[in-house]
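Undergrad: Start from the sequences and build out the full structure, keeping to the hints where you can.
Residue numbers -35 to -1, 1 to 118, in mature numbering (1 follows the signal peptide of the UniProt record, and there is no 0), belong to the letters of the sequence shown in order.
The set of hints was computed from the structure by calculation and includes no laboratory data.
Keep in mind the model is a prediction, meaning the values are calculated, not measured.
Each hint should be verified, as a subset may be incorrect.
As the list claims (entries may be wrong) - Listed below are the simulated SDA-like cross-link pairs for lysine to any residue, each with C-alpha atoms no more than 20 Å apart in a straight line:
id, residue 1, residue 2
1, Lys90, Asp76
2, Lys75, Val88
3, Lys90, Ala20
4, Lys90, Gln32
5, Lys85, Glu64
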Amino acid sequence: MVSLFMVSLAPAGLVISAAATVGLGAAVLAPMAAAQPSYPTDDRGFIGSQIRCDAPQSAVAFGRTDQSIVAICVDQAGHYQYRGARLADENAVLTVVAEPTVPGEFFAQKDGVTYTVTAKNLVIKTPEWTRTEPVVQFGAQPLLAVEVPTPPA
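TA: Structural data, given as C-alpha cells:
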C-alpha cells in the first residue's frame, strides 16, 4: 500500500490529508474559508500537469508556490529528478537531476541557478540574486526504511 501525505498551507489555516490505495481521509485543523484551492495530486505529482513524474517514477515531494510548481521524482534505482515550471508558463518545464541534501530537502542545479525544495519554501538562487517563494501546497511520500543486509557470520 502506498500512502501519500498532503499539506496545503494558506493564511487562514492548515489542511493535512492522507490518501491510501483503499481510502481517503482528511483532517481539517482550522477553517479554510480564505484558503487557496489545492491542485489535484496523486503519487506522481500534480494531475493534469507537466509537473508530474513519468511512470514508473513516483513523486517523493511536490509543491506549489504562488508563482511556481515543482515535483521531485525518484525512479526504482533511487535516482532523483527535479521538475519545475513557473505557473505563468507550465509548458516550459525544467527537468534536471536532483539530490536529497538533508531529510525533507532537495537540491537541483542548472546553468548556475540552484533550486532548493522544502515543505516550506522553494529557493531559487543565482550568483546575483536569491528568490524565496513560500510553499502554499505541499505533498510528500513517507520515507521508506531501507534494510541493509548483514554480512554472513
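Undergrad: Taking the hints in turn, state whether each one holds.
TA: Evaluated hints:
1. Lys90 x Asp76: The hint holds at about 11 Å.
2. Lys75 x Val88: holds, 14 Å
3. Lys90 x Ala20: violated, 30 Å
4. Lys90 x Gln32: Measuring from Cα to Cα gives roughly 15 Å; hence the hint holds.
5. Lys85 x Glu64: holds, 18 Å
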